[in-house]
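Please build the complete structure, drawing on both the sequences and the hints.
2 protein chains.
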Amino acid sequence: MRYELYYWPTIQGRGEFVRLALEEAGADYVDVVRHKGKAGVAAMMKIIDDARSARPPFAPPFLKAGKLIVAQTANILFYLGPRLNLSPRDEAGSLWAHQLQLTVTDLVVEVHDTHHPISGALYYEQQKPEAKRRTKEFWRLRVPKFLGYFERVLQKNGGQYLIGRRLTYVDLSVFQNIEGLRYAFPNHMKRFEKKIPGLVALRDRVAQRPRIKAYLASDRRIPFNQWGVYRYYKELDS
Amino acid sequence: MRYELYYWPTIQGRGEFVRLALEEAGADYVDVVRHKGKAGVAAMMKIIDDARSARPPFAPPFLKAGKLIVAQTANILFYLGPRLNLSPRDEAGSLWAHQLQLTVTDLVVEVHDTHHPISGALYYEQQKPEAKRRTKEFWRLRVPKFLGYFERVLQKNGGQYLIGRRLTYVDLSVFQNIEGLRYAFPNHMKRFEKKIPGLVALRDRVAQRPRIKAYLASDRRIPFNQWGVYRYYKELDS
Chain A
17 MRYELYYWPT
27 IQGRGEFVRL
37 ALEEAGADYV
47 DVVRHKGKAG
57 VAAMMKIIDD
67 ARSARPPFAP
77 PFLKAGKLIV
87 AQTANILFYL
97 GPRLNLSPRD
107 EAGSLWAHQL
117 QLTVTDLVVE
127 VHDTHHPISG
137 ALYYEQQKPE
147 AKRRTKEFWR
157 LRVPKFLGYF
167 ERVLQKNGGQ
177 YLIGRRLTYV
187 DLSVFQNIEG
197 LRYAFPNHMK
207 RFEKKIPGLV
217 ALRDRVAQRP
227 RIKAYLASDR
237 RIPFNQWGVY
247 RYYKELDS
Chain B
17 MRYELYYWPT
27 IQGRGEFVRL
37 ALEEAGADYV
47 DVVRHKGKAG
57 VAAMMKIIDD
67 ARSARPPFAP
77 PFLKAGKLIV
87 AQTANILFYL
97 GPRLNLSPRD
107 EAGSLWAHQL
117 QLTVTDLVVE
127 VHDTHHPISG
137 ALYYEQQKPE
147 AKRRTKEFWR
157 LRVPKFLGYF
167 ERVLQKNGGQ
177 YLIGRRLTYV
187 DLSVFQNIEG
197 LRYAFPNHMK
207 RFEKKIPGLV
217 ALRDRVAQRP
227 RIKAYLASDR
237 RIPFNQWGVY
247 RYYKELDS
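Here the protein sequences line up with chains A and B, keeping their order. 17 is the number of the first residue of the first sequence in the working numbering; add one for each residue after it. 17 is the number of the first residue of the second sequence in the working numbering; add one for each residue after it.
Derived by calculation from the structure, the hints in this document are not laboratory data. The reader is advised that the hints may include incorrect statements.
Put simply, identical chains are the same to the list, so a pair is met inside one copy or across any two.
In silico lysine to aspartate or glutamate, EDC-like type, Cα no more than 16 Å apart, as pairs [claimed, not checked]: (1) K144 to D253; (2) K62 to E153; (3) K52 to E20; (4) K83 to E126; (5) K80 to D235; (6) K80 to E107; (7) K161 to E126; (8) K172 to D66; (9) K83 to E107; (10) K161 to D65; (11) K172 to D65; (12) K161 to E209; (13) K83 to D106; (14) K144 to E107.
All values reported here derive from a predicted model rather than from experimental measurement.
And the structure:
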C-alpha cells in the first residue's frame, strides 16, 4: 500500500505529525503536494471541493489509502497506528493512545492561537497586543498543564515511552511539540525544560532513532518557518 | 454495563455530546457528579489526580465502563458509537463519523474562544474587546465554513442524516451545536439559518425523537447558562 499524504507543501504544520509516523515506520508514501510542485495545491483543493465526493475532508492534512480518504490529524494517526506498528493493538490501548493524541491536538490549537488569538484570516500584525496577552497566559498556565500532564504520564509509564514498552505515534508527536516550542519560544523553553526532564530525554531519544535522524537531515523535513503552527516572534518570547 | 459519566454538574459543556448519545440510546448510565451532589466534583478530581493511575484523564468529560476509563469527548463517542448503535460498524464508516465529530470538536473550541479569546482562566470582562473582535471574525468566516461544510455533507447524503441511513452521534452533536448557537447568538443565528436549511430540519427531527424529547423536557438536561461553552452576551450578538 502506497499512502498518499496531502498537506500544505511549505509548512510542517499539522501534517508533520503524520509525516513523522510515516518516516519512523519507513512506510511507502508520497507527500503528494510537495511532489507535484505548483499543481500540487490545486490537486489537494480539488479533492476537498469535489462536488461528487460523499465524504470530503474539511481541511488538510488528509491521507489517501487506496480509495479511502482519512482526514483530521489524530484520526489519520489512529488509522495508521496499527498498520505502521506505532500503537497498541488492543482496544483499551489504542483508545488511550488516541486520547493522548487528542490532547496533543488541543495543545497545537493553543500554540497556534498564541500568535493568532483573534483570527487565522488576519495577519499577526493585526492582532499583536492580543497575541502578547494570550501568550502570557499560555506560558503561565497552559504549557505547565499540558506538558506537566505528559511528563506525569511518561514517568508513570517508566520514563522510556508514553505508552507501553515501545515507541508510538504519540511519542513522535510529543517530540514534535518540544521541537516546535523550542523554535517558537527559545527563552521560555530554556527556563521551562527543567520541569520536564523526562520529555526532554524522550525528545533526544526520538531524534536519535535512525529513520527519524535521517529524515530530519533530509530535505523532506521542511524547516520551521513563519507560516506554520510554531512561529518565532521576539516580542512573544521575552 | 452501567456507564458512569464524569463531567461538571452545572453545565452542558462538552459532556452534553456524550449525554445526548447515552439518552438517545436509552443506555444505562449515571451522570456521577450530578448524582453525588457536593461530593461529586471531589470524586471526579480524585480520578484525574490519582497518583496511582497509569492512564489519568487530562480533563472531564470521561466515561467509566467497568475498569476502562475513556476521556476526550470525540474518543468517548467513538467508543460508545457501536455499543449504542449510533455509528457505522465498518472501519471506513466509523472513521468517517469520527472525522466529522473531530470537526465538531474544532468548532466547539472556536465557540468557546469567542467569549474567552485570551484565556479560560480570566473572566469574560477581562477580555471583552478581544472577544468582540474574535466573535466578528467567527461569524464572518468560521461559522459559514463549519456549518456550510456540515450542510454540504448532509445534502450529499440525502438530507436526512449526516451519515448513512440512520441516526449517528454526529447528528446529535450537530443538533447540540445549533441549539447552543441559538442560545448564544440569537440574532446572528436568525440571519444565518437560511443558509443551512438542511441542518435546521435535522435539528427539528432530532428534537422530536421520543427519547431526546423526553430528555430535553427532563431535569437531566441542564439549561444553557453563562458558565458553559455557549454563552449569551448581548454585545457579542449585535
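Hint check:
1. K144 to D253: within (13 Å within a copy, 25 Å between copies)
2. K62 to E153: Neither way: K62 and E153 sit 39 Å apart in one copy and 26 Å across, limit 16 Å.
3. K52 to E20: Classified as within: same-chain Cα gap 12 Å, cross-chain 50 Å, threshold 16 Å.
4. K83 to E126: Cα proximity of K83 and E126: none, with 33 Å in one copy and 32 Å across.
5. K80 to D235: The answer is neither: 23 Å in one copy and 46 Å across copies each exceed 16 Å.
6. K80 to E107: between (24 Å within a copy, 15 Å between copies)
7. K161 to E126: Close inside one copy (12 Å), not across copies (20 Å); limit 16 Å.
8. K172 to D66: between (46 Å within a copy, 11 Å between copies)
9. K83 to E107: This pair counts as between: shortest inter-copy Cα distance 13 Å, intra-copy 25 Å.
10. K161 to D65: between (38 Å within a copy, 12 Å between copies)
11. K172 to D65: between (45 Å within a copy, 13 Å between copies)
12. K161 to E209: within (13 Å within a copy, 38 Å between copies)
13. K83 to D106: Cα proximity of K83 and D106: across copies only (15 Å, versus 26 Å in one copy).
14. K144 to E107: neither (44 Å within a copy, 44 Å between copies)
In the structure shown, a violation is registered for the earlier hints numbered 2, 4, 5, 14, in ascending order.
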